[in-house]
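Number of protein chains: 2
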Amino acid sequence: MDLAQANHAAVERMMTARPLLKGVATARDVIPGMRDGLILHAGPPIEWGRMSGPLRGAVIGALLFEGLAEDESDATGLIERGEIEFAPCHHHQTVGPMAGVTSASMAVYVVENVTHGNLAFSNLNEGYGKVLRYGAYSPEVLEKLGWMNSVMAPVLADALAASAELDLRALLAEALHMGDEGHNRNKAGSLLFLKLLAPHVARVASSDVAEEVLKFLGDNALSVLNPVMAACKAMADAGHGVEGSTIVTAMARNGTDFGIRVSGLGGDWFTAPAQVPDGLYFSGFSSEDANADIGDSTITETAGIGGFAMAAAPAIVTFVSGTPKDAVNTTMEMYEITETDHLHFTIPALDFRGTPTGIDLRKVVELGITPRINTGIAHRDAGIGQVGAGLVRPPMEVFEAALIAYAERYGV
Amino acid sequence: MDLAQANHAAVERMMTARPLLKGVATARDVIPGMRDGLILHAGPPIEWGRMSGPLRGAVIGALLFEGLAEDESDATGLIERGEIEFAPCHHHQTVGPMAGVTSASMAVYVVENVTHGNLAFSNLNEGYGKVLRYGAYSPEVLEKLGWMNSVMAPVLADALAASAELDLRALLAEALHMGDEGHNRNKAGSLLFLKLLAPHVARVASSDVAEEVLKFLGDNALSVLNPVMAACKAMADAGHGVEGSTIVTAMARNGTDFGIRVSGLGGDWFTAPAQVPDGLYFSGFSSEDANADIGDSTITETAGIGGFAMAAAPAIVTFVSGTPKDAVNTTMEMYEITETDHLHFTIPALDFRGTPTGIDLRKVVELGITPRINTGIAHRDAGIGQVGAGLVRPPMEVFEAALIAYAERYGV
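The listed protein sequences derive, respectively, from chains A and B. Just so we're aligned, residue 0 is where the first sequence starts under numbering that gives the first Met the number 0, counting upward by one. Just so we're aligned, residue 0 is where the second sequence starts under numbering that gives the first Met the number 0, counting upward by one.
Rather than coming from a laboratory, the hints here were simulated on the basis of the structure. In this text, all values refer to a predicted model and were calculated from it rather than measured experimentally. There could be a bad hint or two in this list.
For chains that are exact copies, the list does not tell them apart, and a pair is met inside one copy or across any two.
Below 30 angstroms or equal to it, Euclidean Cα-Cα: the simulated DSSO-like pairs (lysine-lysine) are [unchecked claim]: (1) Lys214 <-> Lys129; (2) Lys129 <-> Lys143; (3) Lys324 <-> Lys214; (4) Lys21 <-> Lys129; (5) Lys214 <-> Lys21; (6) Lys143 <-> Lys214; (7) Lys143 <-> Lys21; (8) Lys129 <-> Lys362; (9) Lys324 <-> Lys21; (10) Lys324 <-> Lys143.
Make the full structure from the sequences, and use the hints.
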């Protein structure tokens, strides 16, 4: 199989993957290799000493949530004594937005790509305000997580068990026709998600709990982000491991480093320092407050949506800056560095053209065009939360390093 | 007040109207002048002898639903003996999609324009398939109507009583950023409606009924059409009755005639034969099956959305025919014949320009450009239902006749 065939095969596998949301379960029961004392985090591997503020905050919060520590210094002590292990979510078929911190007791969505049989997982979305994924770990953050885990998660599990298959690819395809791009704007997708779950939630929960759960899901325009990310992970993983392919199958940031993986280059990460996104800041904040780019949510762009589908979501510019024309231009630019147009994700305003799908390492380096990523911006200090939203590009070095590794491995 | 001032005032009133969904109640209890034996219908006034198939079918269905007749011939007998009165919905602050038939026992949405204090009403949306609004009156149609009236309506009434104000103008503004145009495409608006109601439905209904109601609302991408129409009626009525204004404040079709009313011309209707829409037909049907244009839903275009906002809804072309570029062109053409850009309804893809709002009779006649209307297409025979969807223009004669009446009345 030559390079062109390999890339075609990898992207074909990504696009024919059909991720269904199969359920909600506890991480330790379903995520391969998950265990007490292991903390999964967003992005490529990183040790405690190099973690940024929001990631550290989320780790501390997870240790408090698990009951492994009683306070911050207790948590830090555990970590410094080496009693806590860290691993990227990506090493465990998992993805999480922002800090992405996932621990053994947390409820996670279970997504299965029924075309190729692989699974992917993601934690539950906490909504807005002070949340663990932005590094907050105050009592109200942990209380909300507790409610999500012990009240909402069992209801979602029962509701999903009672419902017909929840096809996340179909949901995304519809959401892209409703002004979403699937990463930073998931308004329509979250409402479609609510629509599919609501009758079952009403059936399986008491009226008090059903009311709370429907309000929580409905008020959170990012409710579906996490299952969407797991769906993108399941699609991207389906394209991973094709011998000779230069297609990027993961992009992820841990708040310090930006890393990519490539279909034909096994499990290796190619990393470089993550950049600060360029965007709109919430009132009272500026780029001086911003942490470097963080989160596994770039799996959406890897799978052909998010920043790559911005032309479908002109209203997003009120949130990330720029004009509707810029949104179209962003998508048009991404056609330059991708393998093909998506079979299922189409953009009405571009005459229903498929989204640009399958980032080709070679094209990125040859054309000098890095992927465009839509993202939230975290405060650099733990516990403050989101300070804005915008666009960011990965550092070119990661693609250059991967291309060199490719040349060495394949002798071209 | 000169003509320019009058038109400015009329459209300003339309745009500053703020329609809230206040409740669900029985027509005879809330619609002014509603009584047993009175059947409201879409469009301008029409007698039984000139009614088209779908309108006749819906009238028969309403008489069966009310228990006034036992079968079709019984119903026809009543009508022919003059025991049933007919009046346009519009004469009773009401609007209804397609046949628009509304009788005394039916549940209706109650909308109040809290800026100017006027009320408007609309019946509940039945969803797809065999439905009264397309002239079907078989037992399953009446059974569904019965369930809607006796089971769903009380739940919606209680849910609305329990919820904060449901601002339909805000809902529409958001839906236009999510790929709706508010007439033929109300996918996003219906989901936003579901989102706002769902927690309250779960609270006020038993779990069985909550499940049924949430499924019914969620499965119907037109759920919000009827409250949206009542909201548009409330907005358009706010602009009616401005002395000297040439702004159109109602466009409506009864399946035989197309009629308009004008702000400065009192209660007069200007009518001409309705045309057959041009569009896409469902499998097995063609334009030979089509009834002439029918329904009060053109109140949406009158208020500045629907066909006028098509540029916000490029995906609609899969349903009504044409290309996304045609959708943009339709909106651009409507700026030619309208007074201004809407203050609240904006189109992201046009750099958030307000929708073209306030059809000016003079511009229509001077430029020879009639309004563009998005619409469903009914089968010409009663009881078959929807056979397609497309675009239609009103006959130019109605605008010419209105302009002559204006000239006579105002001596210009």
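Hint check results:
1. Lys214 <-> Lys129: For lysine 214 and lysine 129, only the intra-copy Cα distance (18 angstroms) is at most 30 angstroms; the inter-copy one is 33 angstroms.
2. Lys129 <-> Lys143: within (10 angstroms within a copy, 46 angstroms between copies)
3. Lys324 <-> Lys214: neither (35 angstroms within a copy, 38 angstroms between copies)
4. Lys21 <-> Lys129: within (29 angstroms within a copy, 34 angstroms between copies)
5. Lys214 <-> Lys21: both (22 angstroms within a copy, 20 angstroms between copies)
6. Lys143 <-> Lys214: Result: close both inside a copy and across copies, 14 angstroms intra and 28 angstroms inter.
7. Lys143 <-> Lys21: Result: close within a single copy only, 24 angstroms intra versus 33 angstroms inter.
8. Lys129 <-> Lys362: Close neither inside one copy (40 angstroms) nor across copies (54 angstroms); limit 30 angstroms.
9. Lys324 <-> Lys21: For lysine 324 and lysine 21, neither the intra-copy (38 angstroms) nor the inter-copy (39 angstroms) Cα distance is at most 30 angstroms.
10. Lys324 <-> Lys143: neither (39 angstroms within a copy, 46 angstroms between copies)
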